[in-house]
Amino acid sequence: MTLNDGEYFKLQGTEMYPVDSAPSIIPEDGLYQNGMFKVGQDIPAGEYKVILDSSIGMGYLEVSKNSRHQIDSIVTNENVQSDMYITISDGQYIKLQDCQIQA
Numbered sequence: 000m001t002l003n004d005g006e007y008f009k010l011q012g013t014e015m016y017p018v019d020s021a022p023s024i025i026p027e028d029g030l031y032q033n034g035m036f037k038v039g040q041d042i043p044a045g046e047y048k049v050i051l052d053s054s055i056g057m058g059y060l061e062v063s064k065n066s067r068h069q070i071d072s073i074v075t076n077e078n079v080q081s082d083m084y085i086t087i088s089d090g091q092y093i094k095l096q097d098c099q100i101q102a
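So the sequence shown is numbered by numbering that gives the first Met the number 0: it starts at 0 and just counts up by one.
Where hints are given, some of them may not hold.
[Unchecked claim] When the alpha-carbon atoms are kept at most 30 Å apart in a straight line, the in silico DSS-like pairs for lysine-lysine are as follows:
#, residue 1, residue 2
1, 37, 48
2, 94, 37
3, 48, 94
4, 48, 9
5, 9, 64
6, 64, 37
7, 9, 94
8, 64, 48
[Claimed, not checked] Each pair of labels, with its calculated beta carbon distance range:
#, residue 1, residue 2, range
9, 90, 30, 20 to 30 Å
10, 88, 19, 33 to 43 Å
11, 35, 83, 15 to 25 Å
12, 15, 90, 30 to 40 Å
13, 84, 5, 25 to 35 Å
14, 46, 5, 37 to 47 Å
15, 18, 80, 16 to 26 Å
16, 4, 83, 15 to 25 Å
17, 43, 4, 27 to 37 Å
18, 30, 78, 31 to 41 Å
These are calculated hints, taken from the structure and not from any lab test.
Quick reminder that beta carbons are idealized off the backbone N, C-alpha and C, glycines included.
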């Protein structure tokens, strides 16, 4: 998440780190699950198969041009109802909810 000077938000049930001191979030097994990942830093650019968490029945996928979480930042988004493919590029952010991708 990116914050500008003077902006505030409430953080609950999680931890937050400055980018330069954050621990690695690259999964050892290459399976990216719920979360937001920076393409080219946390996950390589490329085409990926998005795998739906069948125990939930529907997931959400969002590709954004930055980490501001604003509507005009969204490049594409999908309500994932079955497995699908997505191509992501360096500098973008990918958000996964109740779905996963294998790197």
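Supplied distance hint 33 to 43 Å, evaluated on CB atoms of residue 88 and residue 19: Check failed, 23 Å falls outside 33 to 43 Å.
Satisfaction of the hinted span 15 to 25 Å by the C-beta atoms belonging to residue 4 and residue 83: Check failed, 39 Å falls outside 15 to 25 Å.
Pairwise beta carbon distance, residue 30 to residue 78, judged against the given window 31 to 41 Å: 21 Å, violated
Proposed proximity, residue 48 with residue 37 (alpha carbon, max 30 Å): Answer holds: residue 37 to residue 48 is near 17 Å, not above 30 Å.
Agreement of residue 94 and residue 37 with the hint, judged by alpha carbon distance not exceeding 30 Å: The given pair, whose Cα atoms are some 9 Å apart, holds under the 30 Å limit.
Agreement of residue 48 and residue 94 with the hint, judged by alpha carbon distance not exceeding 30 Å: 14 Å, holds
30 Å Cα cutoff - pair residue 64, residue 48: 20 Å, holds
C-beta pair residue 15, residue 90: status relative to the range 30 to 40 Å that was hinted: Violated - the Cβ-Cβ distance for residue 15 and residue 90, about 21 Å, lies outside 30 to 40 Å.
Pair hint outcome, residue 64 versus residue 37 [Cα-Cα no greater than 30 Å]: 10 Å, holds
Pairwise beta carbon distance, residue 84 to residue 5, judged against the given window 25 to 35 Å: 40 Å, violated
Assessment of proposed distance window 15 to 25 Å (beta carbons of residue 35, residue 83): 19 Å, holds
Hint check for residue 5 and residue 46 - Cβ pair distance inside 37 to 47 Å: 39 Å, holds
The earlier numbered hints that this structure contradicts are 4, 10, 12, 13, 15, 16 and 18.
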